[in-house]
Amino acid sequence: MKEIRIHARAGQGAITTATLLGYAYFLQGTYAYAFPHFGAARMGAPMNAFVRVDSEPIRLRSQIYEPDYVIIVDNTLMRGFNCFAGLKDKGVAIINAEAGLELPRVKPTQKVFIVPANSIAQETIGRPLGNTALIGAFAAATGEIKLDTLIEAVKQKFGSRALEGNIAAVKRGYDFIKGKA
Amino acid sequence: MKEFIEGSRAVAEAVRLCKPGVISAYPITPQTHIVEELAQMVAEGSLNSQFVNVESEHSAASVVLGASATGVRAYTASSSQGILLMCEVLFNIAGMRLPLVLTCANRAISAPINIWNDQQDSISMRDAGWVQIYAENNQEAADMHFIAYRLAEDKNIMLPVMVCMDGFILTHGIETVDIPKQEEVDKFLPVYSPLYKLDTATPMTLGPLVGPDYYLETRYAIQETHKDVLTLLPKLAADFKAVFGRDYKNLLIEEYRTEGAEKVIVAMGSVCGTVKTVVDQMRAKGKKVGLLRVVSYRPFPYQEVYQALKDIPKVAVLDKSVSLGGYAPLAVEVKAACYGKKKTPKVISSFVAGLGGRDITVESIEEIYRRLTTKEVNLDFIDLKPELLKEKYGQ
Chain A
131 MKEIRIHARA GQGAITTATL LGYAYFLQGT YAYAFPHFGA ARMGAPMNAF
181 VRVDSEPIRL RSQIYEPDYV IIVDNTLMRG FNCFAGLKDK GVAIINAEAG
231 LELPRVKPTQ KVFIVPANSI AQETIGRPLG NTALIGAFAA ATGEIKLDTL
281 IEAVKQKFGS RALEGNIAAV KRGYDFIKGK A
Chain B
532 MKEFIEGSRA VAEAVRLCKP GVISAYPITP QTHIVEELAQ MVAEGSLNSQ
582 FVNVESEHSA ASVVLGASAT GVRAYTASSS QGILLMCEVL FNIAGMRLPL
632 VLTCANRAIS APINIWNDQQ DSISMRDAGW VQIYAENNQE AADMHFIAYR
682 LAEDKNIMLP VMVCMDGFIL THGIETVDIP KQEEVDKFLP VYSPLYKLDT
732 ATPMTLGPLV GPDYYLETRY AIQETHKDVL TLLPKLAADF KAVFGRDYKN
782 LLIEEYRTEG AEKVIVAMGS VCGTVKTVVD QMRAKGKKVG LLRVVSYRPF
832 PYQEVYQALK DIPKVAVLDK SVSLGGYAPL AVEVKAACYG KKKTPKVISS
882 FVAGLGGRDI TVESIEEIYR RLTTKEVNLD FIDLKPELLK EKYGQ
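These protein sequence lines map, in sequence, to chains A and B. The first sequence begins at 131 in my numbering and counts up one residue at a time. The second sequence begins at 532 in my numbering and counts up one residue at a time.
If you are wondering where the hints come from, they were derived from the structure by calculation, not from laboratory data. Since we're looking at a predicted model, the values are computed, not measured. Keep in mind that a hint or two might mislead.
[Claimed, not checked] In silico PhoX-like links for lysine-lysine, alpha-carbon gap of 20 Å or less:
no.: 1; chain 1: A; residue 1: 285; chain 2: B; residue 2: 533
no.: 2; chain 1: A; residue 1: 301; chain 2: A; residue 2: 287
no.: 3; chain 1: B; residue 1: 550; chain 2: B; residue 2: 718
no.: 4; chain 1: A; residue 1: 287; chain 2: B; residue 2: 766
no.: 5; chain 1: B; residue 1: 686; chain 2: B; residue 2: 766
[Unchecked claim] Ranges of calculated distance between the beta carbons of each label pair, as one might list FRET restraints:
no.: 6; chain 1: A; residue 1: 276; chain 2: B; residue 2: 924; range: 53 to 61 Å
no.: 7; chain 1: B; residue 1: 818; chain 2: A; residue 2: 196; range: 18 to 26 Å
no.: 8; chain 1: A; residue 1: 309; chain 2: B; residue 2: 574; range: 45 to 53 Å
no.: 9; chain 1: B; residue 1: 833; chain 2: A; residue 2: 131; range: 22 to 30 Å
no.: 10; chain 1: B; residue 1: 906; chain 2: A; residue 2: 195; range: 38 to 46 Å
no.: 11; chain 1: B; residue 1: 759; chain 2: A; residue 2: 240; range: 53 to 61 Å
no.: 12; chain 1: A; residue 1: 215; chain 2: B; residue 2: 912; range: 21 to 29 Å
no.: 13; chain 1: B; residue 1: 643; chain 2: A; residue 2: 195; range: 23 to 31 Å
[Said to hold, decoys possible] A short, non-exhaustive set of chain A residues, derived as facing chain B with CB atoms under 10 Å:
no.: 14; residue: 162
no.: 15; residue: 163
no.: 16; residue: 171
no.: 17; residue: 187
no.: 18; residue: 191
For every residue, glycine included, the Cβ atom is placed at its ideal position computed from N, Cα and C.
Construct the complete structure from the given sequences, taking the supplied hints into account.
Structure follows, in structure tokens:
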């Protein structure tokens with residue numbers, strides 16, 4: 131079983147992010163359970179979205195406390211929360227930020243990737259919504275999902291207007307980690 | 532077809548396949564996505580139904596009551612305060628023997644206001660006469676709607692059915708659900724033909740004033756019909772399996788690894804998935820534990836619950852609701868099922884967890900098994916924060 135925890139603010143698209151990741155896993159033939167947890171249930175309030183993945187249908191319904199992967203959509207949340215809490219020893223964190231962000235100390239076995247997802251999104255989509263760039267980076271950093279599968283998931287879930295930009299964002303996020311950007 | 536789909540959308544798809552003629556609902560978290568989706572389907576023309584917008588849940592329930600009385604298949608959904616506002620009408624619907632189906636997206640009750648999941652809303656409608664069934668996952672939540680209409684509209688039943696699914700955990704949870712084909716649903720669920728209906732050509736009165744000389748019998752009749760539901764649900768499960776291939780056993784209870792168990796947790800709804808995970812983990816370590824899932828809370832399957840528990844030494848009942856000032860609602864039923872029998876569990880302890888969305892974790896379940904000892908406990912609250920209980924009123 132693999133577990134992903136997404137840190138965001140309500141309205142930043144974390145549920146879409148979780149849905150796309152879960153859908154990509156589904157397309158790969160595994161079972162996924164993507165679900166949100168709202169804090170104050172208000173736009174801008176800190177919230178989590180989660181994805182739990184397994185080869186069997188998921189039965190465990192609790193939130194995720196010891197994730198394999200963490201995706202931080204809004205890095206201002208790192209000031210008030212320990213977004214790395216419970217991250218597994220070999221865990222991977224993807225942070226939406228510009229280079230130079232001050233990072234907490236992590237274990238040597240853990241990996242942290244900083245991706246300028248909002249800048250990528252601004253250029254590809256025209257709005258600073260870094261979710262699709264982040265999942266592209268996630269696919270590259272973890273090897274969990276094939277790039278083609280992720281693009282297929284994006285194609286199924288986005289309308290024609292936002293599609294092209296989001297596919298470009300996924301690729302840019304992927305290439306950024308692969309060092310091709 | 533298997534889809535990766537939100538629970539609310541899966542339920543909306545299932546309701547569409549049931550072809551209700553009238554839908555009326557008032558949006559409330561976490562039920563909203565279900566009725567938004569249905570409204571969209573009606574607007575797009577993919578569902579040929581009349582969607583009646585109303586100003587409150589009391590009106591939503593009243594609209595579907597009226598629609599059903601004219602012989603139309605009707606549907607509504609709600610949560611929490613919405614269910615409470617419907618309360619008066621819900622009793623009427625059951626009393627008038629109208630075969631409505633309502634989805635309860637389970638949520639806590641105010642005050643304090645809380646949008647998160649527990650089961651206090653549907654449990655508070657316990658005595659209304661409705662059948663209540665609780666889904667563990669989204670496949671079951673969707674499938675239960677086909678079963679609910681089939682059960683409700685059976686001429687020997689004619690009672691409303693509430694399909695209960697945990698708010699957020701299921702309604703907002705996205706997972707794989709097999710959405711059946713229309714032909715399959717049509718095969719399982721025939722077109723509704725009412726026994727009686729409001730019709731200007733042959734006028735009649737439904738739900739009139741009834742004096743002391745008749746009222747008692749109307750309540751007796753509903754009570755008797757609930758016994759028939761207990762007999763019919765296993766048959767519907769068999770019919771369902773024949774058409775759709777999915778096996779829901781008897782739709783009354785589900786026994787999970789109870790054979791030879793020393794400790795069994797009894798629970799309802801999505802938390803049973805978490806309990807199953809813990810059972811597997813503990814069984815792998817040689818601990819003899821199991822789960823008894825209650826699927827049908829009304830009617831309550833006393834006989835089946837007793838048979839499943841009679842050889843289990845220690846039983847823990849996990850309630851996600853309370854009856855303030857009394858024992859917990861599921862616990863009283865389990866105790867009643869075992870009362871006065873020769874062979875019973877030595878201990879039936881009662882635990883309360885998850886109120887207002889407090890997360891029920893693997894550790895919460897392990898803690899229940901730990902606290903389930905030879906010393907019986909009642910209303911033991913799991914995951915309480917002692918630091919929050921220290922403040923004194925007025926300070």
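Would you pick out the hints that fail for this structure and give their numbers low to high? Checked against the structure, the hints that fail are numbers 4, 9, 10, while the rest are satisfied.
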